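If you read the protein sequences in the order shown, they are chains A and B. Reminder that position 386 of the first sequence reads as 386 in the working numbering, one-by-one numbering, no gaps. Reminder that position 114 of the second sequence reads as 114 in the working numbering, one-by-one numbering, no gaps.
Treat the hints as calculated values from the structure; they're not laboratory data. Treat the hints with caution; some may be incorrect.
Across the chosen pairs, the derived CB separations fall in these ranges [as the list claims (entries may be wrong)]:
| # | chain 1 | residue 1 | chain 2 | residue 2 | range |
| --- | --- | --- | --- | --- | --- |
| 1 | A | Leu259 | B | Arg148 | 36 to 42 Å |
| 2 | A | Tyr6 | B | Gly52 | 25 to 31 Å |
| 3 | B | Lys9 | A | Arg225 | 50 to 56 Å |
| 4 | A | Ser387 | B | Thr47 | 25 to 31 Å |
Note that the coordinates shown come from a computational prediction; the quantities given were computed from them, not determined experimentally. Built from N, CA and C at the ideal position, the CB exists for glycine as well.
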Amino acid sequence: MQLSRYEEDALDGKYGDAVALAYRALVAIGNAIEADRLIDVSWAHVSGVNYNTIGDAGLRFLEDISKEGIKVKVKTTLNPMGYDRGRIEPIISDTFIERQERILDAYSRLGVIDIHSCTPYDMDVFPDIPPSGSQVSLAESNAAIYANSVLGLLTNKESAISALASAITGKAPYSNLRVQESRYAKVCIDVRYDIKDELDYGLLGYYAGKLGEECIAFNGIEHDRLTSAYMKALCSALGTSGSTGMFRLQSIDAKERYLFDRSDAMKVKDELSDSDDGDIIVFGSPQLGLDELSGIIDTLNGRRFRKRCMIFCARSVYSKASRLGYVDALERANATVYSGCCACLTPLISRDSVDSVITNSVKAAYYLRSWNKVGVCMRNMRSIIDSESV
Amino acid sequence: MSYGKSGGKEYRCRGIVGGYAEGFALLSKEPINLLTIDSNGVVNDHTSMLYGKSVSDAILIFPNAIGSSVGAYRLYALKVNNKAPSGIVCINTADIITASAAAISGIPLVDRVGDAILGELESAYGVGTDTEAGANVNVNLRVSSSVRVRVRVDAYAGIISIVDDYE
Chain A
1 MQLSRYEEDA LDGKYGDAVA LAYRALVAIG NAIEADRLID VSWAHVSGVN YNTIGDAGLR
61 FLEDISKEGI KVKVKTTLNP MGYDRGRIEP IISDTFIERQ ERILDAYSRL GVIDIHSCTP
121 YDMDVFPDIP PSGSQVSLAE SNAAIYANSV LGLLTNKESA ISALASAITG KAPYSNLRVQ
181 ESRYAKVCID VRYDIKDELD YGLLGYYAGK LGEECIAFNG IEHDRLTSAY MKALCSALGT
241 SGSTGMFRLQ SIDAKERYLF DRSDAMKVKD ELSDSDDGDI IVFGSPQLGL DELSGIIDTL
301 NGRRFRKRCM IFCARSVYSK ASRLGYVDAL ERANATVYSG CCACLTPLIS RDSVDSVITN
361 SVKAAYYLRS WNKVGVCMRN MRSIIDSESV
Chain B
1 MSYGKSGGKE YRCRGIVGGY AEGFALLSKE PINLLTIDSN GVVNDHTSML YGKSVSDAIL
61 IFPNAIGSSV GAYRLYALKV NNKAPSGIVC INTADIITAS AAAISGIPLV DRVGDAILGE
121 LESAYGVGTD TEAGANVNVN LRVSSSVRVR VRVDAYAGII SIVDDYE
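This is chain A alone, in the form it adopts within the complex:
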C-alpha cells in the first residue's frame, strides 16, 4: 500500500503513539485486503463501548490512546453501552458502573458523539448521516450492512479497532466494498419461502451470512415489502453469522445460486433455539425504532405481558417515544423500555436469574446463548405477543 509522506510519518510515531497504532492497524488491514492507498472517510461509527464485551483490557487500551489529547478527525458515533443510565438495576455492580463510565470518559476525551446506538442509520438516532456515495467506516456489523445496502454509503464491515483507527486518522484502506466496481454479488439466494415477518428475514440473513460472501444477492424478495424492521432483522442476522458487508435485492451477474426454502429456515431456527418457552421476553437487537415500538403497542391492543418484557432502544428514540406516549403505553403493558443499551451482549440478563429467553431477534438469540448462556426460544413478534399477553 502506498502511503503519503504524512501517513508514513504518522506510522513512524511523529504524531504520537495512539496515531501510530491507528495507522499500524490500517496498514495491516490494507495489506490483507490489498488496498493500494488510504482514502478519506466522513463518518465513523465505533463499537467496543460495552464494558461487558471489552473488559479491563479494552478500558485500559482506550484510556491509553485518549490520554495524549488526540481528537477524532471525523464525526464519530458510539455503539450501545452496558446499561441504561436512567434505570440502573441491582444486577449491575458498582465496579461495572465505574469501569463503564471510565470507558465513556475515554471516548468523550476523543471527542465522539455518544448516541449509544447500534442503529446509527436511523434518522431519529443520528440525523447527520452523510449523503449516499460517501465513504464511511462503520464497525457495528448490522449498521455497516444497512449503510451499504440501503443507504448507498461505502464501508467495509469494519472491526471495533479499524473503525476507531478511521475515527482517529480520518482514513480507511481503499479496497473491497469501498470500490464501486466491487459492490456486486457473485452469489444469489433464490428465496422459495413465503417470508412474512422479521423472524423469517433473520433466519434468511443468518443462512446467507454463512455462505461467506462479501456481497450477496436475494432473488424473490419484493423491495416494497421490506420495512425497516425487516431490513434490520436481515442485516443483523447477516452480520452475526458471517463476513458479508452488503446485500442486493437482484442480481444479474451471480452465477452461483442457492435455494432457501422452508426447511433451510427451520434448520437455522433449530440451530439457534433450544427452548420451547422462556422466562422473559426480549425485543431489540438491533435497538428498536419508533415504528417498532408503536408496532408492539398496536399488536398488544390493550393487552398486558404475562412475563417480564425487556425492550431496548436508543436514548433519542426513548425521548421521542416518551413524548409520543409510547413508553407509558409499554410500561402499562408490563414492559420495561431500556435506552442506550441493547439485548446483544447485555449484562442485564444472567443465567443466575433467567433460564431461557423468548425473542424474535436472530442476533439476540445467538449471543444470548453463546455469551449469556441462557436458553433461547425464537418466535416472531406477533406470536410472542399473542401467546404471552392477556
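Since chain A is already given, all that's left is putting chain B on it; use the hints.
This is chain B only, laid out in the frame that chain A set:
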C-alpha cells in the same frame, strides 16, 4: 512445500503482521466469531467445531473471523491477559477483524495458506468431513484431540513450518 534447515516441512503463505510464533496447531475449517471466545481463551460458540477448546498459546488456524466487530477487542484482551494464540493463520484472506486485532496486539499473522499444509494437518488430526447434502455450509469436522502438531510461523518471511513429528 519444501524442507527447512531443521528438516521440517515448510509452506509458503503471506505475512500480514510480522513476528515469529510457535505452538500446537488448532485447526478450524469454519470461520470463528472471536467474540465467543471467553476470557480464558475457550471457544463458547456451540455451533463452532472448536467449541470447548482453548486457543491459548496455540497457532490458531481458521479461514477468517466472522460476526461481531468487537471480536477484535476480544483477541486484544486475550493477548493482554496472556491467553492469546501465539500466532494466527487465516486460511483465506485475513479479515479486517483479525488483521486489526493482530496489529494492535502484536500477534504474528499470516494468511492464504495453500491446500498442502491443510491436507497435512487434516491427515495428522484424522479429520473427517461430513457435508450435508445440497449445502456446503454446516461442514462438521471431527478432530482427534489426542494428536497434536507443532508448527512455527515466520510472519516476516511468510513461512509456516511443521516443527516435528506428531505427538
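- Outcome for the supplied range 25 to 31 Å, where the beta carbon pair is A/Ser387 and B/Thr47: Given a distance of about 27 Å, which is inside 25 to 31 Å, the answer is holds.
- Message: Is 25 to 31 Å respected by the C-beta to C-beta distance linking A/Tyr6 and B/Gly52?
- Response: With Cβ atoms ~48 Å apart, the hint is violated.
- Message: Within 50 to 56 Å: is that where the Cβ-Cβ distance between B/Lys9 and A/Arg225 falls?
- Response: Taking Cβ atoms as reference, B/Lys9 and A/Arg225 lie about 55 Å apart, which means the hint holds.
- Consistency of beta-carbon spacing, B/Arg148 to A/Leu259, with hint 36 to 42 Å: At roughly 41 Å between Cβ atoms, B/Arg148 and A/Leu259 fall inside 36 to 42 Å, so the hint holds.
In summary, the structure is inconsistent with hint 2 from the numbered list given earlier, while agreeing with all the others.
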